[in-house]
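So for the sequence shown, full-length UniProt numbering puts the first residue at 1; every next one is plus one.
Hint data in this document are derived by calculation from the structure and do not stem from the laboratory.
You may find that some hints are simply not true.
[To be verified] Using C-beta positions, here's what the derived DEER-type ranges look like:
1. Gly274 with Gly128: 43 to 51 Å
2. Asp197 with Leu312: 15 to 23 Å
3. Ala207 with Ala336: 40 to 48 Å
4. Ser110 with Ala207: 30 to 38 Å
[As the list claims (entries may be wrong)] Result set (EDC-like, lysine to aspartate or glutamate): computed pairs, CA atoms no more than 20 Å apart in a straight line:
5. Lys320 with Asp241
6. Lys212 with Glu249
7. Lys212 with Glu201
8. Lys212 with Asp313
9. Lys175 with Asp241
10. Lys14 with Asp43
11. Lys14 with Asp313
12. Lys320 with Glu346
13. Lys212 with Glu179
14. Lys14 with Asp166
15. Lys175 with Glu161
16. Lys175 with Glu249
Using N, Cα and C, we set each Cβ at its ideal position, and we do this for glycine too.
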Amino acid sequence: MTPLAINARFLTQKLSGVQRFSREIVTALAQSGTPLRLLAPRDAPATFAGLPVERVGRRSGQAWEQFDLPGAVAGQHLLNLGNTAPLRLGAAQTLVIHDAGVFDTPESYSFAFRAWYRALHWTLPRRGARIVTVSEFSRARLSLHLGLPVARIGVVAEGGEHALRDAAEPGVLTKHGLERGRFVLVVGTRAAHKNLDALREAVALLAARGLKLAVAGAADASVFRDAGDVDAALALGRVSDGELRALYENALCLIFPSRYEGFGLPPLEAMWCGCPVLAAQAGAVPEVCGDAALWFDAEGARTPAAALTRLLDEPFLAEKLRMAGRARAAIYSWPAAADRLLALMEHR
Numbered sequence: 001m002t003p004l005a006i007n008a009r010f011l012t013q014k015l016s017g018v019q020r021f022s023r024e025i026v027t028a029l030a031q032s033g034t035p036l037r038l039l040a041p042r043d044a045p046a047t048f049a050g051l052p053v054e055r056v057g058r059r060s061g062q063a064w065e066q067f068d069l070p071g072a073v074a075g076q077h078l079l080n081l082g083n084t085a086p087l088r089l090g091a092a093q094t095l096v097i098h099d100a101g102v103f104d105t106p107e108s109y110s111f112a113f114r115a116w117y118r119a120l121h122w123t124l125p126r127r128g129a130r131i132v133t134v135s136e137f138s139r140a141r142l143s144l145h146l147g148l149p150v151a152r153i154g155v156v157a158e159g160g161e162h163a164l165r166d167a168a169e170p171g172v173l174t175k176h177g178l179e180r181g182r183f184v185l186v187v188g189t190r191a192a193h194k195n196l197d198a199l200r201e202a203v204a205l206l207a208a209r210g211l212k213l214a215v216a217g218a219a220d221a222s223v224f225r226d227a228g229d230v231d232a233a234l235a236l237g238r239v240s241d242g243e244l245r246a247l248y249e250n251a252l253c254l255i256f257p258s259r260y261e262g263f264g265l266p267p268l269e270a271m272w273c274g275c276p277v278l279a280a281q282a283g284a285v286p287e288v289c290g291d292a293a294l295w296f297d298a299e300g301a302r303t304p305a306a307a308l309t310r311l312l313d314e315p316f317l318a319e320k321l322r323m324a325g326r327a328r329a330a331i332y333s334w335p336a337a338a339d340r341l342l343a344l345m346e347h348r
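Kindly produce the complete structure, drawing on both the sequences and the hints.
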């Protein structure tokens with residue numbers, strides 16, 4: 001069987017949702033026995049998922065992807081998992097575009113970033129590249145902005161069981177002065193579409209009840225415009241997988257106010273960890289969580305504070321959400337995502 005070439009530039013990038021998807025898909029493909037070639041810049045690690053990494057070219061970043069990577073593919077089909085791909089390869093590749101954010105929420109991105117992504121996303125399918133995304137919501141938005149028939153865009157949902165891979169590190173609670181069940185967790189950056197400003201009323205409510213709001217995550221200043229911090233929230237910064245699991249398992253709930261998500265990985269991770277989810281009914285999150293979350297409006301009358309009040313005051317609601325979340329999370333897995341992706345590529 002001819003190996004599938006993988007654009008492994010993600011191995012040189014900081015871990016975010018896109019890089020998580022890339023790492024987990026490649027790991028699942030490797031574990032399934034699919035022959036793979038991992039092609040990466042020279043600063044990538046020597047191995048990943050038990051496979052050798054072919055470090056090719058002399059450039060890095062987008063320049064490596066556009067100029068060094070194509071020559072190393074050697075006629076094989078190239079799988080690009082992280083929103084970008086080399087223009088030169090045209091139809092000899094598949095590209096996963098995670099959302100249409102550069103079109104729908106331009107205020108969240110720098111001018112250079114959104115201009116480049118818009119140009120790539122418009123041009124690549126017109127050169128024959130197969131396009132895949134991660135939700136029906138993203139498929140509809142990409143179809144609209146790229147002028148493509150919906151049928152030309154495949155859908156591969158993400159998994160969330162990685163949230164249980166590393167043992168919980170409860171020391172993160174002591175480090176930040178948090179107590180089990182006495183804090184509400186937010187996972188996200190300060191990008192405008194993450195909508196953290198909507199939590200100001202919720203912070204006041206929690207403070208009045210002796211509870212804290214803890215925000216885990218860090219923004220890349222070269223990509224996201226800073227939309228400001230939530231007053232009086234506890235900023236945890238970037239956390240490890242083990243620390244994040246401990247936060248999910250000990251939080252009163254996850255509150256997720258984002259007004260735009262191509263998928264919504266933190267709510268899925270929270271459900272895998274038995275953490276109740278309160279979320280804005282926006283983007284792809286309702287598609288992912290179904291009836292297993294308590295919903296509020298990203299911008300509207302149903303506020304995050306009102307949802308929190310209900311969670312705090314309604315008996316047994318938190319436990320109902322935990323049980324519903326675990327059942328919902330079980331339908332998503334990385335092996336299933338990898339199988340679906342391979343099935344779509346067979347029809348390229």
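Verification of the hints:
1. A C-beta distance of roughly 45 Å is found between Gly274 and Gly128, which places it inside the suggested range of 43 to 51 Å.
2. Taking 15 to 23 Å as the suggested C-beta distance range, the pair Asp197 and Leu312 conforms, at roughly 22 Å.
3. At about 42 Å, the beta-carbon gap between Ala207 and Ala336 stays in the expected band of 40 to 48 Å.
4. Range check, Ser110 to Ala207: about 34 Å between beta-carbon atoms, so the 30 to 38 Å window is met.
5. Between Lys320 and Asp241 the alpha-carbon distance is near 26 Å, which puts this suggested pair outside the 20 Å criterion.
6. Restraint check for Lys212 and Glu249: the C-alpha separation of about 16 Å stays at or below 20 Å, so the hint holds.
7. The hinted pair formed by Lys212 and Glu201 meets the criterion: a straight-line CA distance of about 13 Å does not exceed 20 Å.
8. Our distance criterion of 20 Å between C-alpha atoms is met by Lys212 and Asp313, whose separation comes to about 17 Å.
9. A C-alpha spacing of about 16 Å is found between Lys175 and Asp241, which places the hinted pair at or below 20 Å, so the restraint holds.
10. The hinted pair formed by Lys14 and Asp43 meets the criterion: a straight-line CA distance of about 13 Å does not exceed 20 Å.
11. Pair hint Lys14 plus Asp313 does not hold up; C-alpha atoms about 39 Å apart against a cutoff of 20 Å.
12. A threshold of 20 Å between alpha carbons decides the hint, and for Lys320 with Glu346 the separation of about 41 Å lies outside it, so the pair is violated.
13. With a C-alpha separation of about 9 Å, the suggested pairing of Lys212 with Glu179 holds against the 20 Å cut-off.
14. About 18 Å separates the Cα atoms of Lys14 and Asp166, which keeps this hinted pair within 20 Å; it holds.
15. For a cut-off of 20 Å, the pair hint linking Lys175 to Glu161 is broken: about 26 Å separates their Cα positions.
16. Between Lys175 and Glu249 the alpha-carbon distance is near 16 Å, which keeps this suggested pair within the 20 Å criterion.
Checked against the numbered hints above, the structure breaks hints 5, 11, 12 and 15 and satisfies the rest.
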